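**Student:** So you can see what is in the structure, the chains are spelled out below.
2 protein chains.
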Amino acid sequence: MKVTMAHGSGGESTSKLIKDVFAKYFNNEILNKLEDSAVVGGCSRLAITTDSFVVTPIEFPGGNIGRLAVCGTVNDLLMSGSKPMYITCGFILEEGLDLDVLERQVASLAECAKEAGVTIVTGDTKVIENKGAEPGLIINTSGVGFISEDAQPIGPSCLEDNDVIILSGNLGDHHAAILAKRMGIENNIKSDAAPLSEAVNNLMEQKIRVHAMRDVTRGGLGTVLNEFAESSLCDIELYEEKLPVSSEVKDFCGLLGLDPIYMGNEGKFVLSVHPDDAEQALSIIRSSKYGENAAVIGDVKKINRATDMHKVVLNTAIGGKRVIGLMYGEGLPRIC
Amino acid sequence: MKVTMAHGSGGESTSKLIKDVFAKYFNNEILNKLEDSAVVGGCSRLAITTDSFVVTPIEFPGGNIGRLAVCGTVNDLLMSGSKPMYITCGFILEEGLDLDVLERQVASLAECAKEAGVTIVTGDTKVIENKGAEPGLIINTSGVGFISEDAQPIGPSCLEDNDVIILSGNLGDHHAAILAKRMGIENNIKSDAAPLSEAVNNLMEQKIRVHAMRDVTRGGLGTVLNEFAESSLCDIELYEEKLPVSSEVKDFCGLLGLDPIYMGNEGKFVLSVHPDDAEQALSIIRSSKYGENAAVIGDVKKINRATDMHKVVLNTAIGGKRVIGLMYGEGLPRIC
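Chains A and B are the protein sequences, given in the same order. According to our numbering, the first sequence holds residues 1 to 336 in order. According to our numbering, the second sequence holds residues 1 to 336 in order.
Bear in mind the hints are in silico, worked out from the structure with no lab data behind them. Keep in mind it's a predicted model, so treat the numbers as computed, not measured. All the pointers check out, no bait thrown in.
A pair counts as met if it fits within one copy or between any two copies, since identical chains are not told apart.
Subject to a maximum C-alpha distance of 27 Å in a straight line, what follows is the list of computed BS3-like cross-link-like pairs (lysine-lysine):
1) K19 - K311
2) K33 - K301
3) K33 - K311
4) K207 - K33
5) K311 - K16
6) K302 - K33
7) K83 - K289
8) K33 - K16
9) K311 - K242
Could you build all of it, start to finish, from the sequences and the hints given here?
**Tutor:** Rendered as structure tokens:
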């Protein structure tokens, strides 16, 4: 069975699609009311985010667009220090999409939402013409998280002198997996797409003094740390031999001339923490589901100089120093 | 200037697009932080909704996809009895889209959000390949509304015996405007795309006993009222001569064999109110910006019979009775 324009008309075919595919996996009390708006409990401070997923191919080693759509939005909510609570799903289907392919995405999305501890509260389905190539789909997820009253401020402008920079795991896996699949290269690299709820919720519950936190997606670690340095008027020093990168990704990057520092990930975050809490933070992340390769990768120096002089510097394995600037040129499109 | 794949890469071109087009119109304190999640004040009960807009053509008499993207989401929030507060915007642009066209959509979206009293708190931009035809865009908006502690329950299952059914204005304008534009027919019909905030906020503030409320979009009035009748186990009687339809739409429908009862609108709502409040409700709606043609169109009869026997009946202008069933076949795709 294929998706037809009628599935997006709002009529009987749409109802059938919702019943047969979406309701089957997303089943919960709030969603089952099938109202245009979900009514849910609230909180005095909210985090709100949105993300559209257009990744191609839609299925790749280690994940698919359904899993990615949860990870991206849940991780954005987590990075603000909030506890992700609700997500919405907007499906935009291309005419001719195989219903089995759609069902696999929906199943992954539901499974990942369950793991991340978020409820899918409402959704929307539209169908658009497919203008030639393999029919695909786009998913938008928006999310709402709760922020506790006593939460400390977290943000790129909150880094402090002597903060320790921790990365939650290996760099480059998602980017390399997508690229390899597109190029038809066979290897063992899998996307790292994962919800970071366990690690981050535990950091928050243990009152670790996290000053800034960011998932390392499009633009890579280099882009995130430059934004931290610029917003907090500090320098960040990194140590190349401490940067976790798998040997497969290292080889793949060597072959293609890619730098893992600028590659996108979908299940990694970098944080700047008070030095006295660094050891505990590392141990919390390492004992979480996706954090076994977490490492301290650098530290923060507050130096009084002009705004645009702050730098991210990498101490290379062979003893040199290299400035990590903003990504030069453009990243790979449609990796998320 | 045209949209390129680089605009969706998350790099410098994306930043420039955000600065030059989005920030120019969406300028507000929360959004300007450019964090992946917006942090905002909350409330103990929330309404959450999402909608993707894929309308084609993207510009049409009376509106465009930018305006529609606000109206659809704001109206969904209003229908739950909530006060719309925040919206998110996910833009999915086709490569080659003219930046002037994009800017017009963004300007309309910002203007409509201002009118509706909602803040655009966060957004996302992706670019996808254009596979041949005129490049377009898709917009997803998700929204959060606040529900007051003492709000009465509102929903399709809350209709009561002797309730009065009120429609907020003329039927069929949006659907007819889109269809006419697609067919190249020139006439004076304009889309009714409008945020219903003024009318609905006033109904709520005046504590009108609204039992159910629904914007009359895809599927039309017939579909909404059937859902009301089915959920509340009641009959609904309508009066044809009371149904507001403009003479232009009447003529257009006559020509094409369309029935305004099943046509989609984007700035109309139907409500079921306690009979003692009906007059006041009508006057509140009529004195609101888009409500001058509001009318009492029918009433509710609770009759004790089997679930699937409840009906929406139209008393025709010539004295007959016609059962208004669910829409037969499918509606026009991509009208929203």
